[in-house]
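Q: Quick mapping for you: the protein sequence lines, in order, are chains A and B. Using the numbering used here, read the first sequence as starting at 1 and increasing by one per residue. Using the numbering used here, read the second sequence as starting at 1001 and increasing by one per residue.
Calculated from the structure, these hints are not laboratory results. Computed from a predicted model, the values in this text were never measured in an experiment. Just so you know, even glycine gets a beta-carbon here, dropped at the ideal spot from N, CA and C. There may be inaccurate statements among the hints.
Pairs of lysine to aspartate or glutamate residues, derived as EDC-like cross-links and limited to a Cα-Cα distance of at most 16 Å, are as follows [stated by the list, open to error]:
1) B:1417 to B:1366
2) B:1150 to B:1160
3) B:1130 to A:136
4) A:9 to B:1140
5) B:1133 to A:135
6) B:1130 to A:33
7) B:1268 to B:1298
8) A:70 to A:41
9) B:1133 to A:33
10) A:70 to A:107
11) B:1071 to B:1041
12) B:1133 to A:136
13) B:1130 to A:139
14) B:1330 to B:1368
15) B:1130 to A:135
16) B:1405 to B:1296
17) B:1330 to A:92
18) B:1405 to B:1295
19) B:1071 to B:1045
20) B:1019 to B:1141
21) B:1250 to A:139
22) B:1330 to A:91
23) B:1278 to B:1327
24) B:1278 to B:1295
Calculated Cβ distances over 10 Å to all of chain B for the following chain A residues [stated by the list, open to error]:
25) 34
26) 39
27) 40
28) 75
29) 106
30) 143
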Amino acid sequence: MLNEDNLKKLETLRGRFQTSQSLTLPVLWMIQEQYGWISPEAMEYVSHLLNLPVSHVYGVVTFYTMYNQKPVGKYHLQVCTNVSCMLNGGEELRDHICKRLGVSPGETTQDKKFTVTEVECLGSCGTAPMLQANDDYYENLSLAAVDELLEKMK
Amino acid sequence: MIDSYTEQFILTDIPNLHKIEIYEQNGGYGALRKALGMAPDAVTDEVKKSNLRGRGGACFPTGLKWTFMPKQSEKPKYICANGDESEPGTFKDRQIFEFSPHVFIEGSLIAAYAMGVQFVYVYIRGEYAKWIKLLQAAVDDAYSKGYIGKKILGSGFSTEMQIYRGAGAYICGEESSLMNSLEGGRGYPRVKPPFPAQFGVWGNPTTINNIETLSNVPMILNRGWEFYSKIGAPKHPGPLLYGISGHVNKPGVFELPTGVLLTDLIYKCCGGVKGNKKIKAVIPGGSSTMWLRGEEIEGVKMDADSLKAVGTSIGTAGVIVMDEDTDVIKVLARISHFYHHESCGQCTPCREGTGWMEKILHRFLDGEGTMQDIDLLLDVANNIEGNTICALGDAAAWPVQSVIKKFRGEFEARAKKTPMVSKYVKPPHLVELKTA
Ligand SMILES: Cc1cc2nc3c(=O)[nH]c(=O)nc-3n(C[C@H](O)[C@H](O)[C@H](O)COP(=O)(O)O)c2cc1C
Ligand code: SF4
Ligand code: FES
Chain A
1 MLNEDNLKKL
11 ETLRGRFQTS
21 QSLTLPVLWM
31 IQEQYGWISP
41 EAMEYVSHLL
51 NLPVSHVYGV
61 VTFYTMYNQK
71 PVGKYHLQVC
81 TNVSCMLNGG
91 EELRDHICKR
101 LGVSPGETTQ
111 DKKFTVTEVE
121 CLGSCGTAPM
131 LQANDDYYEN
141 LSLAAVDELL
151 EKMK
Chain B
1001 MIDSYTEQFI
1011 LTDIPNLHKI
1021 EIYEQNGGYG
1031 ALRKALGMAP
1041 DAVTDEVKKS
1051 NLRGRGGACF
1061 PTGLKWTFMP
1071 KQSEKPKYIC
1081 ANGDESEPGT
1091 FKDRQIFEFS
1101 PHVFIEGSLI
1111 AAYAMGVQFV
1121 YVYIRGEYAK
1131 WIKLLQAAVD
1141 DAYSKGYIGK
1151 KILGSGFSTE
1161 MQIYRGAGAY
1171 ICGEESSLMN
1181 SLEGGRGYPR
1191 VKPPFPAQFG
1201 VWGNPTTINN
1211 IETLSNVPMI
1221 LNRGWEFYSK
1231 IGAPKHPGPL
1241 LYGISGHVNK
1251 PGVFELPTGV
1261 LLTDLIYKCC
1271 GGVKGNKKIK
1281 AVIPGGSSTM
1291 WLRGEEIEGV
1301 KMDADSLKAV
1311 GTSIGTAGVI
1321 VMDEDTDVIK
1331 VLARISHFYH
1341 HESCGQCTPC
1351 REGTGWMEKI
1361 LHRFLDGEGT
1371 MQDIDLLLDV
1381 ANNIEGNTIC
1391 ALGDAAAWPV
1401 QSVIKKFRGE
1411 FEARAKKTPM
1421 VSKYVKPPHL
1431 VELKTA
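Please work from the sequences and hints to get the whole structure.
A: Shown next as structure tokens:
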């Protein structure tokens, strides 16, 4: 399941940790990078690759919120509604996006383009409100700015 | 004080300081060179005398922490640099990754030398993909110039550095949880003792320090402990990265000495409150610290002892300002939701209690809260505090305790006036908990 590049990366990483169990998170990241989510088959694969029980891999995947246990849209919009964002309109931002895309938090649009999630503080409290789309942060957002952003995400 | 203070050490205004050549041109890695010429103990001693205290929230004396590491050890020794930065209201370490990565790398290397550490792991929250890339680029540059790796700068000292990406769990900022995460498991905090210096990553001696803490080390070596110890508050000295957010005109991260006035941060650094409104409440050091009422902030200084004296703590120096129109119960409910969501679930008081607190607070938001609920809420908070494996339980209890204490009137005004018959009942285990 891992591509050549990632298998190579994995080999260099092996020498950097005392146990292969430490590679659970890095390998799961590689899987998610390639496939967008972590399927049950992927968990089994990781367990073989690292010689760990499947239950361990499953335990890790379910503990950490960033590992997607089901497919997400092309753009995963993660809106922070924690305190600093909330004080600066984070909830309005969330509602606006949901309304525009016709989904509730946690859902994916029918065309599979967008998934909207409500998340905890992302460390951008000084540039609130904000959202993370896949790996990128979009900060100091106004409703107009987010409209523009969604337009661009085709 | 703010007007007269101009020198910055971590987030300087030197352009492109993230580039290794620019950093070197400005004296970068000179402190490492200096340290390598000293005995390791002398380096630790310098840090100890500087009075540097941890910037990760608990203010523990850094030099003292380093002395806990065994000097002779059959086993390898490790540093975990803590860049989990997930406490709501905190957004400073990412500034270091972006603008001053080499200050952090140099500080970590000096720490590694002082403690005889063979491997530095940098744990960074998973969401910081961009900042992980930025730091990785800086680490690669430092490797290629011989600052990290085998026989650093021709000395007999070798150490490695490896970034580790978290995956979205606030609890992994807690040091023992961080180590379990680094070992590839779920981020469950460990019962202490044993402490990390005895039994850390894979059972080996480990020291955990915050990113900003380690970034203070180069200047201590460069300018000497005496210079450092005279910056800011005597018992908690040094430059500090204050992050101010919420209802202020110009939020941001500011490097200033410890002990500046909270009002100066708000009015001088951030241009005051939006719309010139009055301040209703301030959270001084990240979401887990006790709140201050607007009337209380006059004259309050931002250092460990001054904030302790007014019943709260400096935490991560992440200041959140709320204006007079803020619904404090709503904000508190959001904070409680956060702790409930982030509880790892190992201890009953934290796992259950955080949920109860969130639920009770939502009753007030729904107009269903009663007068008894106020005391029930306090009761739950009091029963979490001090009864858990890690400090997340306390972190969840403190804001609740302080907001009830300081804004009880708001709860009373919101409470239903027909108190006795509520569709909610008191959670049954609560009685048990109290006697435990
Ligand atoms: C729930 C919880 C979350 C924490 N999160 C962080 C964090 O994100 N970053 C951090 O540096 N310290 C965090 N800490 C504190 C660490 O446990 C530890 O004290 C700190 O990293 C030590 O570094 P210092 O001595 O340099 O401050 C957290 C503690 C708790 C209880
Ligand atoms: S206090 Fe909470 S977060 Fe900490 S170990 Fe217990 S249940 Fe987990
Ligand atoms: S509160 Fe939204 S990024 Fe911190």
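Q: Could you run down the list of hints and mark each one as holding or not?
A: Hint check:
Restraint check: the Cα-Cα separation between residue 1417 (chain B) and residue 1366 (chain B) comes to about 14 Å, which is no more than 16 Å; the hinted pair holds. Our distance criterion of 16 Å between C-alpha atoms is met by residue 1150 (chain B) and residue 1160 (chain B), whose separation comes to about 8 Å. Pair hint residue 1130 (chain B) plus residue 136 (chain A) holds up; C-alpha atoms about 7 Å apart against a cutoff of 16 Å. Restraint check for residue 9 (chain A) and residue 1140 (chain B): the C-alpha separation of about 15 Å stays at or below 16 Å, so the hint holds.
Our distance criterion of 16 Å between C-alpha atoms is met by residue 1133 (chain B) and residue 135 (chain A), whose separation comes to about 11 Å. With a CA separation close to 14 Å, the supplied pair residue 1130 (chain B) and residue 33 (chain A) stays within the 16 Å bound. For a cut-off of 16 Å, the pair hint linking residue 1268 (chain B) to residue 1298 (chain B) stands: about 14 Å separates their Cα positions. Of the supplied pair hints, the one linking residue 70 (chain A) and residue 41 (chain A) holds, its CA atoms being roughly 12 Å apart against a limit of 16 Å.
Between the alpha carbons of residue 1133 (chain B) and residue 33 (chain A) the distance comes to roughly 15 Å, so the proposed pair stays at or under 16 Å and holds. For the hint pairing residue 70 (chain A) with residue 107 (chain A), the CA-to-CA distance comes to about 11 Å; that is within 16 Å, so the pair holds. Between residue 1071 (chain B) and residue 1041 (chain B) the CA atoms are separated by roughly 9 Å; this keeps the pair inside 16 Å, and the hint holds. A distance of roughly 12 Å separates the Cα atoms of residue 1133 (chain B) and residue 136 (chain A); the hinted pair therefore holds under the 16 Å criterion.
Restraint check: the Cα-Cα separation between residue 1130 (chain B) and residue 139 (chain A) comes to about 14 Å, which is no more than 16 Å; the hinted pair holds. As the CA atoms of residue 1330 (chain B) and residue 1368 (chain B) are separated by approximately 14 Å, the hinted pair is consistent with the 16 Å bound. As the CA atoms of residue 1130 (chain B) and residue 135 (chain A) are separated by approximately 7 Å, the hinted pair is consistent with the 16 Å bound. The suggested pairing of residue 1405 (chain B) with residue 1296 (chain B) holds, with an alpha-carbon distance near 13 Å, which does not exceed 16 Å.
For the proposed pair residue 1330 (chain B) and residue 92 (chain A), the alpha carbon gap of about 15 Å is at most 16 Å, so the pair holds. Restraint check: the Cα-Cα separation between residue 1405 (chain B) and residue 1295 (chain B) comes to about 14 Å, which is no more than 16 Å; the hinted pair holds. Taking the CA atoms of residue 1071 (chain B) and residue 1045 (chain B), the gap is about 14 Å. The hint holds against a cut of 16 Å. Pair hint residue 1019 (chain B) plus residue 1141 (chain B) holds up; C-alpha atoms about 9 Å apart against a cutoff of 16 Å.
A threshold of 16 Å between alpha carbons decides the hint, and for residue 1250 (chain B) with residue 139 (chain A) the separation of about 14 Å falls inside it, so the pair holds. For a cut-off of 16 Å, the pair hint linking residue 1330 (chain B) to residue 91 (chain A) stands: about 12 Å separates their Cα positions. Proximity of residue 1278 (chain B) to residue 1327 (chain B) is assessed by CA-CA distance (about 14 Å); at most 16 Å being required, the pair is judged to hold. With a C-alpha separation of about 9 Å, the suggested pair residue 1278 (chain B) and residue 1295 (chain B) falls inside the 16 Å cut-off, and the hint holds.
With a least beta-carbon separation of about 15 Å from chain B, residue 34 (chain A) lies farther than 10 Å from that chain, consistent with its non-interface assignment. No Cβ of chain B approaches the Cβ of residue 39 (chain A) within 10 Å, the least distance being about 17 Å, so the stated non-interface status holds. Chain B leaves residue 40 (chain A) outside its interface by the beta-carbon criterion, the shortest separation being 18 Å against a cut-off of 10 Å. The beta carbon of residue 75 (chain A) is kept farther than 10 Å from every beta carbon of chain B, the shortest such distance being approximately 15 Å.
The Cβ of residue 106 (chain A) lies farther than 10 Å from every Cβ of chain B, with a closest approach of about 13 Å, so its non-interface assignment holds. Residue 143 (chain A), annotated as away from the interface, keeps every beta carbon of chain B farther than 10 Å; the closest lies near 17 Å.
Consistency note: the structure conflicts with none of the earlier hints.
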